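**Student:** For this one, chain A is given, so just place chain B on it according to the hints.
For reference, the chains in residue letters:
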Amino acid sequence: MLPHETKVLLIDDSMHVRLLVRTILKKLGFSAIVEASDGEEGWRLFQEESPNLIFLDQIMPRMNGVQVLMKIREENPDTRVIILSSLSSAEKILQVKEIGANHYILKPFTREKISDVLSELGWQMHEEARS
Amino acid sequence: MNSCKHCGTPNSPQRHYCKNCGRRIVAFCSQCGFANEMGTLFCGGCGLKLVDSEPRDAASQTPKAASVMQESASSLSTEELSQLEKINKHRRQTLDVAGSRQNLEQEDLDKLFGKESK
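Each protein sequence line maps, in turn, to chains A and B. Numbering that gives the first Met the number 0 applies: residue 0 is where the first sequence begins, and numbers increase by one. Numbering that gives the first Met the number 0 applies: residue 0 is where the second sequence begins, and numbers increase by one.
So here's chain A without its partners, still in its complex pose:
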């Protein structure tokens, strides 16, 4: 699992998704959570807050998830980005993987899935630190 002091940024235009992810994260022990309701606000908060972990929706007003991910990767290759999306097309998924998404969770999702992915990212970071 990622450290509980990890600063998290949720970028999703659905208030319900943000509420659900925030609730899950709090139950998992994370408390530093900021939220954005569109891509542009997400990009601004990324610059202001320097989060370690981002949950990023794909289809959003003003700036979509791919655009936000590109800008994030130009700025910081180390921030962990988890795509949260209902888009399951192989082409779209390959696109965000190539840009540098660290994981991809399909909507609808469960608390267990979020927990599993955070454990996976924690493991990856541990392995990277060792190598």
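Calculated from the structure, these hints are not laboratory results. Bear in mind the structure is a predicted one, so any value in this text is a computation, not a measurement. Heads up, a few of these hints could be off.
[To be verified] Below, a list of computed lysine-lysine pairs in the PhoX-like style, where the Cα atoms sit at most 25 Å apart:
1) A:106 with B:110
2) A:91 with B:110
3) B:88 with A:91
4) A:70 with B:48
5) A:112 with B:48
6) A:91 with B:85
7) A:112 with A:91
8) A:70 with B:88
**Tutor:** Structure of chain B alone, referenced to chain A:
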């Protein structure tokens, strides 16, 4: 491997022109001269947005710009080759997981982004 957008022929990353039809398969950045894959949205060398920029021919540039571009186009750096290899790896992994399917399940995504893909 860079596929030609015109005829689809796979070309080695070192090539700037398609071995089959002779069309250009890289787009040089107008700011830094970096050779990007055709269709790339942002330059891999300096981050310049390339969406609206056409590929430029080295010969049509000012002498200074042309020399910069020719220099950068003459060979791919280890980092650039590594980046291309990484992209190819992503594509192979996605093809391995997806097969002929258009849409992926969460299980496929876990394989693509999980431990075994690293």
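**Student:** If you check each hint against the structure, which ones fail?
**Tutor:** Violated: hint 5 alone.
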